[in-house]
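**Q** Please take these sequences and the hints and turn them into a complete structure.
These protein sequences, in sequence, are chains U and X.
Per the numbering used here, the first sequence starts with residue 1, numbered consecutively.
Per the numbering used here, the second sequence starts with residue 1, numbered consecutively.
Honestly, the hints are just simulated from the structure, not real lab data.
Note that CB positions come from ideal geometry on N, CA and C, so glycine has one too.
Where hints are given, some of them may not hold.
[What the hints assert, rightly or not] Taking lysine to any residue pairs in the SDA-like style, the calculated list, with each CA pair at most 20 Å apart, reads: (1) U:Lys-90 / U:Thr-115; (2) X:Lys-252 / U:Lys-109; (3) X:Lys-208 / U:Met-284; (4) U:Lys-208 / X:Thr-115; (5) X:Lys-255 / U:Ala-248; (6) U:Lys-252 / X:Gly-237; (7) U:Lys-255 / X:Lys-5; (8) U:Lys-275 / X:Ile-227; (9) U:Lys-212 / X:Arg-219; (10) U:Lys-212 / X:Glu-278; (11) U:Lys-258 / X:Ala-178; (12) U:Lys-208 / X:Glu-270; (13) X:Lys-254 / U:Asp-244; (14) X:Lys-5 / X:Arg-106; (15) U:Lys-109 / U:Ala-178; (16) U:Lys-275 / X:Ala-201; (17) U:Lys-252 / X:Glu-270; (18) X:Lys-275 / U:Glu-205; (19) U:Lys-258 / X:Leu-233; (20) U:Lys-208 / X:Ala-178; (21) U:Lys-254 / X:Val-225.
[Stated by the list, open to error] Quick list of simulated restraints, FRET-style, between CB atoms: (22) X:Gln-129 / U:Asp-141: 21 to 31 Å; (23) U:Gly-237 / X:Lys-241: 30 to 40 Å; (24) X:Lys-90 / U:Lys-287: 57 to 67 Å.
[Stated by the list, open to error] If we take Cβ atoms under 10 Å as the criterion, some of the chain U residues that face chain X in the derived model are: (25) Leu-232; (26) Ala-248; (27) Ala-256.
Protein chains: 2
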Amino acid sequence: MKELKQITVIGLGLLGGSISLAALRAFPGLKTVGFTHRPSTRRKARQLAVASEVSADLKASVANADIVILATPISAFEEIFSQIGNALPKGCIVTDVGSTKVLPHRWAKKTLPKTVCYVGSHPIAGSEQRGVEVARDDLFDNALCILTATPKTNRLAVQTLKKFWSAIGCSVKLMSPARHDRILANISHLPHITAVSLVNAGNSEDLKHAGKGFIDTTRIASSPVNIWVDVLLTNAGNITKGIDRITAELAKLKKAIKTADGRQIEKLLEAARKKRNELIDYKMKNKEIIS
Amino acid sequence: MKELKQITVIGLGLLGGSISLAALRAFPGLKTVGFTHRPSTRRKARQLAVASEVSADLKASVANADIVILATPISAFEEIFSQIGNALPKGCIVTDVGSTKVLPHRWAKKTLPKTVCYVGSHPIAGSEQRGVEVARDDLFDNALCILTATPKTNRLAVQTLKKFWSAIGCSVKLMSPARHDRILANISHLPHITAVSLVNAGNSEDLKHAGKGFIDTTRIASSPVNIWVDVLLTNAGNITKGIDRITAELAKLKKAIKTADGRQIEKLLEAARKKRNELIDYKMKNKEIIS
Numbered sequence: 001m002k003e004l005k006q007i008t009v010i011g012l013g014l015l016g017g018s019i020s021l022a023a024l025r026a027f028p029g030l031k032t033v034g035f036t037h038r039p040s041t042r043r044k045a046r047q048l049a050v051a052s053e054v055s056a057d058l059k060a061s062v063a064n065a066d067i068v069i070l071a072t073p074i075s076a077f078e079e080i081f082s083q084i085g086n087a088l089p090k091g092c093i094v095t096d097v098g099s100t101k102v103l104p105h106r107w108a109k110k111t112l113p114k115t116v117c118y119v120g121s122h123p124i125a126g127s128e129q130r131g132v133e134v135a136r137d138d139l140f141d142n143a144l145c146i147l148t149a150t151p152k153t154n155r156l157a158v159q160t161l162k163k164f165w166s167a168i169g170c171s172v173k174l175m176s177p178a179r180h181d182r183i184l185a186n187i188s189h190l191p192h193i194t195a196v197s198l199v200n201a202g203n204s205e206d207l208k209h210a211g212k213g214f215i216d217t218t219r220i221a222s223s224p225v226n227i228w229v230d231v232l233l234t235n236a237g238n239i240t241k242g243i244d245r246i247t248a249e250l251a252k253l254k255k256a257i258k259t260a261d262g263r264q265i266e267k268l269l270e271a272a273r274k275k276r277n278e279l280i281d282y283k284m285k286n287k288e289i290i291s
Numbered sequence: 001m002k003e004l005k006q007i008t009v010i011g012l013g014l015l016g017g018s019i020s021l022a023a024l025r026a027f028p029g030l031k032t033v034g035f036t037h038r039p040s041t042r043r044k045a046r047q048l049a050v051a052s053e054v055s056a057d058l059k060a061s062v063a064n065a066d067i068v069i070l071a072t073p074i075s076a077f078e079e080i081f082s083q084i085g086n087a088l089p090k091g092c093i094v095t096d097v098g099s100t101k102v103l104p105h106r107w108a109k110k111t112l113p114k115t116v117c118y119v120g121s122h123p124i125a126g127s128e129q130r131g132v133e134v135a136r137d138d139l140f141d142n143a144l145c146i147l148t149a150t151p152k153t154n155r156l157a158v159q160t161l162k163k164f165w166s167a168i169g170c171s172v173k174l175m176s177p178a179r180h181d182r183i184l185a186n187i188s189h190l191p192h193i194t195a196v197s198l199v200n201a202g203n204s205e206d207l208k209h210a211g212k213g214f215i216d217t218t219r220i221a222s223s224p225v226n227i228w229v230d231v232l233l234t235n236a237g238n239i240t241k242g243i244d245r246i247t248a249e250l251a252k253l254k255k256a257i258k259t260a261d262g263r264q265i266e267k268l269l270e271a272a273r274k275k276r277n278e279l280i281d282y283k284m285k286n287k288e289i290i291s
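**A** This is the structure:
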């Protein structure tokens, strides 16, 4: 990768702030510019020295960037692409950290100038917390970052971004935006949907007796709402299909319980136990989790 | 409580073994007798000194007990009650650690002699691991233990058990078996059902990309199957009603996503976030969880 001089992060929340901090740690001499439209976030970002420079001017913030990273809710991407388009230097790499990738690719193709290269990024990191004050330079250590590209995506830009995410701690995988969105529906968006449904279906007084099982199972229901509304809206097809599959599994269990069919309940529980244990074994073998 | 001389634990898995170890720690001079029908478990229990005495004779194991605690899968309770009935000393307290309580109360009433006192216990502790080899003397530290009693339950027996569970680390609450089973459906059995459904609805190859969110949300799907088949079968009414409520919540979300109704999605997600955050605040205020 040619020497990286400046990256610009648009949106300084947990993810955006952490990208800037991690990049400052990984690349000595790099300048990071952070844009946010909120004065209070700019103040906090400056106090915490989250970026080399904190900017209130969107176009000026990207004018000298080698890489521009959108870290706002997904619904803002298209408007940001159109606002920064003319200000982007030739050859600039544009990416984002949104949790869905098909629509960002479509918007980038439609809106960004041909002189820049768009690649999708999805670092699978974060937490149910939010805000620049929880940003940290090790958020991406050992995280998976999925890069998304189409047959027309510039391969050099993909390589550059791969090196960037690796340098700040991620292991990187490349796939198509469509495959990304299908996989993420299964591993992230549907668990979110079931956690929300589980909480909403429970009686508040009863829930006061909850133990670790319930607390863990529903942790992600405490995540920032605006980010998740965007995720669900931009991956609607995969998610509604997934809801149908989960509803079918629930119906199977309900029928087996209602008819006191112990063998069928055992079969369904055993299938899940085996599948999850194989997953955990795979993750441990790949050192993605530690026992 | 009159001086406790002997407790007998029937079933030496994670819970049974841990009860014996925790009681040995809490009550100097107490004798604990552990019964298990498996020779290999008896061998391990003796090697690990899990109980003062490890017995292969069910009747003899209870003959001198002040308290008898069933820690087997729920489906074995009725048969054990009928086998130990004649061997129980007068005034003996019989309890169990099953995750449902209506049926154990019914079986006890039907099967145990009038000379003993049955009270239900449900220490909400454990993990997805199993077996006497993972038993530990601090498993119940800060755990909630729900005692269940009917208007006919002997109050002195309730007080004695309350002191017993408190001494080994639990905070104790008393309620009716029906209320227990309704609450546990919400906080434990339904999260289990959704975790299992989520895993079964997912494609194994896609799941390999899972992050912390999926791993946490589905942890309980790795729990021992035989124990859970019993739980689901013995709390069928509450669970099938709960599945209906969850299915209705999933349908609401699906409809909102399908019609791109961002406001409705936001409303549903915000309701869950608020409810869960209130729960976490309540738990932290009560020092049941630590941030």
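**Q** Are the Cα positions of Lys-208 (chain U) and Ala-178 (chain X) separated by 20 Å at most?
**A** holds (17 Å)
**Q** Are the Cα positions of Lys-5 (chain X) and Arg-106 (chain X) separated by 20 Å at most?
**A** Distance ~28 Å between Lys-5 (chain X) and Arg-106 (chain X) Cα, so the pair is violated.
**Q** Straight-line Cα separation of Lys-258 (chain U) and Leu-233 (chain X) no greater than 20 Å?
**A** Judged against 20 Å, a Cα distance of about 8 Å means the pair holds.
**Q** Decide if the proposed pair is consistent with the structure: Lys-109 (chain U) and Ala-178 (chain U), CA atoms, cutoff 20 Å inclusive.
**A** holds (15 Å)
**Q** Are Lys-252 (chain X) and Lys-109 (chain U) close enough, with their CA atoms no more than 20 Å apart?
**A** violated (33 Å)
**Q** Assess, step by step, whether the Cα of Lys-208 (chain U) is no farther than 20 Å from the Cα of Thr-115 (chain X), and give holds or violated.
**A** Violated: Lys-208 (chain U) and Thr-115 (chain X) sit about 36 Å apart, past 20 Å.
**Q** Keeping to a limit of 20 Å between CA atoms, is the pair of Lys-275 (chain U) and Ala-201 (chain X) held or broken?
**A** holds (11 Å)
**Q** Using Cβ atoms only, decide whether Leu-232 (chain U) comes closer than 10 Å to chain X, and label the hint accordingly.
**A** Leu-232 (chain U) check passes; min Cβ-Cβ to chain X is 5 Å, inside 10 Å.
**Q** Within a Cα-Cα threshold of 20 Å, do Lys-252 (chain U) and Glu-270 (chain X) meet the stated pairing?
**A** Given pair Lys-252 (chain U), Glu-270 (chain X) is violated - Cα atoms ~30 Å apart, limit 20 Å.
**Q** Should the hint that Ala-248 (chain U) touches chain X count as held when the rule is a Cβ pair under 10 Å?
**A** Holds: closest Cβ of chain X sits about 8 Å from Ala-248 (chain U), inside 10 Å.
**Q** Quick one, are Lys-90 (chain U) and Thr-115 (chain U) close enough, alpha carbons at most 20 Å?
**A** holds (5 Å)
**Q** Do the alpha carbons of Lys-208 (chain U) and Glu-270 (chain X) lie within 20 Å of each other, as the hint requires?
**A** holds (19 Å)
Hint violations for this structure: numbers 2, 4, 7, 14, 17, all remaining hints satisfied.
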